[in-house]
Amino acid sequence: MDLTSLTIDAARSAVQERTTTALALTEAHYAHIKKEDGQIGAFLTLSKERALEQADRVDRMAAEGKTLPPLGGVPVGIKDVMSTRGVRTTAGSKILEKYIPPFDCTAVARMEAAGAVVLGKMNCDEFAMGSSNENSAYGPVRNPRDLNRVPGGSSGGSAAAVAADMAVVTLGSDTGGSIRQPAAFCGVVGLMPTYGRVSRYGLIAFASSLDHIGPLAKTVKDAAIVLGTIAGRDPMDATSADVPVPDYVAELDKPVRGMKLGVAKEYFGDGLDDEVRQAVEAAIDKLKGLGCEIVPVSLPHTRYAIPTYYVIATAEASANLARFDGVRYGHRARGVKTLAEMYRRSRDEGFGAEVKRRIMLGTYALSAGYYDAYYVKAQKVRTLLTRDFDEAFRKVDAIVTPTSPTAAFRLGEKSNSPLAMYLADIYTVTADLAGIPGISVPCGETTEKLPIGLQILGKHFDEATILRVAHAYERAHNASLGMTNR
Amino acid sequence: MKVTSKDVAYVADLANLELTEEERTGMLRDLNSILEYVDRLNELDTADVPPMAQVSDRYGVDESQQGSARFAYASREDILEGLRKSLRREEALANAPDADDDFFRVPKVIER
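These protein sequence lines are chains A and B, in that order.
The numbers in my numbering rise by one with no breaks, and the one at position 26 of the first sequence is 26.
The numbers in my numbering rise by one with no breaks, and the one at position 33 of the second sequence is 33.
Hints were generated in silico from the structure; no laboratory data involved.
Hints should not be assumed to be uniformly reliable.
In silico lysine to aspartate or glutamate, EDC-like type, Cα no more than 16 Å apart, as pairs [claimed, not checked]:
no., chain 1, residue 1, chain 2, residue 2
1, A, K337, B, D98
2, A, K98, B, D7
3, A, K94, A, D348
Computed footprint of chain B on chain A; a stretch qualifies when at least three of its residues, placed anywhere within it, have a C-beta under 8 Å from a C-beta of chain B [unchecked claim]:
no., region
4, 323–329
5, 334–348
6, 374–384
What you are looking at is a predicted structure, and each value in this text was computed from that prediction instead of being measured.
Just so you know, even glycine gets a beta-carbon here, dropped at the ideal spot from N, CA and C.
With the hints as constraints, model all of the structure from the sequences given.
Written out as structure tokens, the structure reads:
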């Protein structure tokens with residue numbers, strides 16, 4: 001048995017049935033990381049001690065004949081923006097180079113309570129700000145499919161690790177597309193749940209009204225299992241919703257026949273790469289072949305999504321990142337004489353260029369005289385963008401789009417233009433602004449063998465529907481490639 | 001140009017950033033290019049559109065209520081101990097760049 005190519009159920013069953021052990025699975029993944037990650041750069045910190053303790057706990061359960069929880073013995077990775085008690089958490093930033101959280105993020109705690117073995121922390125853009133993972137203070141992540149290309153961002157390490165079989169599944173975070181876009185670039189499944197579905201407690205905040213935690217996985221079913229594990233009300237996060245969590249796995253195999261899927265012309269306009277367009281159109285045809293009805297919908301404010309996002313996200317970021325002052329944790333500049341100088345120099349030395357740019361933009365948008373013109377204006381357009389979806393979802397059950405306008409670009413290709421980089425998120429940011437769930441599922445490759453992602457967007461708290469559509473598509477797509485379903 | 005170098009200095013001051021001369025020049029260029037793009041929002045008449053601060057407003061708020069009762073969905077019992085125990089002092093100080101046994105230490109704030 002190849003221990004590093006298993007899905008969640010296969011890994012858990014093997015541990016349960018004692019054909020392998022959680023320890024062997026964990027060690028096989030560490031050996032694979034040692035061999036592969038030198039050239040990819042997906043992990044920032046390995047949490048071996050914690051992983052081996054957890055593996056031992058799971059193995060003892062299995063030896064005693066107890067039924068393992070859903071992630072029993074499954075090796076996972078955690079994006080380094082989620083706090084892990086006793087394990088360094090950097091957020092990809094120099095300012096947190098030595099930070100060791102005294103508590104666990106709720107999503108991580110729930111993963112471990114369900115038996116997951118946390119291998120380590122995944123590289124990402126600094127404070128999750130980026131679309132290529134090139135903004136990490138610890139070096140870029142490279143796309144396992146082509147080492148000269150970016151893995152996408154900001155959850156680049158989380159996506160690359162799953163693509164390169166260095167973890168069965170990982171957690172990422174999505175503020176403007178940071179789970180779905182890297183999933184598309186690396187050829188894995190990425191799910192952003194509804195805002196409020198998963199607690200943000202212990203997630204280092206970027207933009208509080210837009211931040212979502214979700215899984216990156218090898219299969220849609222694995223994403224469904226993880227969502228079921230981490231979803232649900234948490235009293236530690238007042239925005240986590242008290243909405244019942246369905247059995248996502250049980251919902252997967254319900255038929256998609258007769259389901260109405262919206263296609264919006266605004267997501268197929270200028271800037272969409274031809275090969276991506278063809279792959280996504282073929283995927284839509286395939287869904288039609290499965291009995292889905294394709295319905296044209298209009299999302300007329302789509303062209304305003306990126307500017308809206310960059311005002312709101314940076315405004316919130318400028319407030320959230322004010323806490324990094326060199327007093328309670330994080331980097332402090334040496335040789336400073338006054339408190340004010342200490343704040344400034346510590347932040348100057350600790351933050352990277354993109355983080356400073358966003359703090360500046362957000363501070364500007366919130367400053368006296370510009371607050372109404374930028375921040376309130378963007379909040380109003382956010383209402384219009386959300387209404388677009390409300391209107392569309394009166395007619396359809398889900399909406400299908402490309403995840404990203406292009407496949408993975410080259411390292412350095414967009415480094416000199418912040419705006420060009422921001423446009424990589426053009427099909428993903430709107431869902432974050434509206435708080436609706438979205439999933440990216442692989443739907444083919446370019447002639448250069450780079451993965452392409454199909455995005456499926458759903459109604460608030462209706463992850464079950466988009467998972468079901470994604471699962472049906474995944475099965476049909478694999479079958480047409482002559483691949484067996486995992 | 002919407003943003004001037006004076007604005008950059010003022011905003012950097014508000015944000016507690018120092019920025020080198022080179023960073024300021026880059027910032028002036030980048031902020032102007034991004035804000036020029038953001039100006040696209042002014043194509044829209046939003047006079048009658050309410051601002052949306054967060055998504056929870058849409059499914060949690062009790063529209064029939066006034067004031068804080070509107071947000072009852074997010075409230076909880078006030079617990080003396082809090083939802084979790086406070087960190088022990090040494091845990092709370094463990095990540096501090098400078099601390100003694102009891103306090104975070106910072107450069108002198110008050111001159112005498």
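Check your understanding: Has the given pair, K94 of chain A with D348 of chain A, been kept, meaning a C-alpha gap of at most 16 Å?
Key -> 11 Å, holds
Review point. Has the given pair, K337 of chain A with D98 of chain B, been kept, meaning a C-alpha gap of at most 16 Å?
Key: 14 Å, holds
**Study point:** Verdict on chain B covering the region 374–384 of chain A, criterion of 3 CB contacts below 8 Å
**Key:** holds (count 10)
Practice item. Count residues of the region 334–348 of chain A with a Cβ under 8 Å from any Cβ of chain B, then say if the count reaches three. Key: holds (count 12)
Check your understanding: Taking only the CA atoms, is the gap from K98 of chain A to D7 of chain B under or equal to 16 Å?
Key -> 34 Å, violated
Review point. Per the coverage rule (Cβ-Cβ under 8 Å, at least three residues), is the region 323–329 of chain A covered by chain B?
Key: Check passed, 5 qualifying residues.
Violation of the numbered hints given earlier is confined to hint 2; every other hint is satisfied by the structure.
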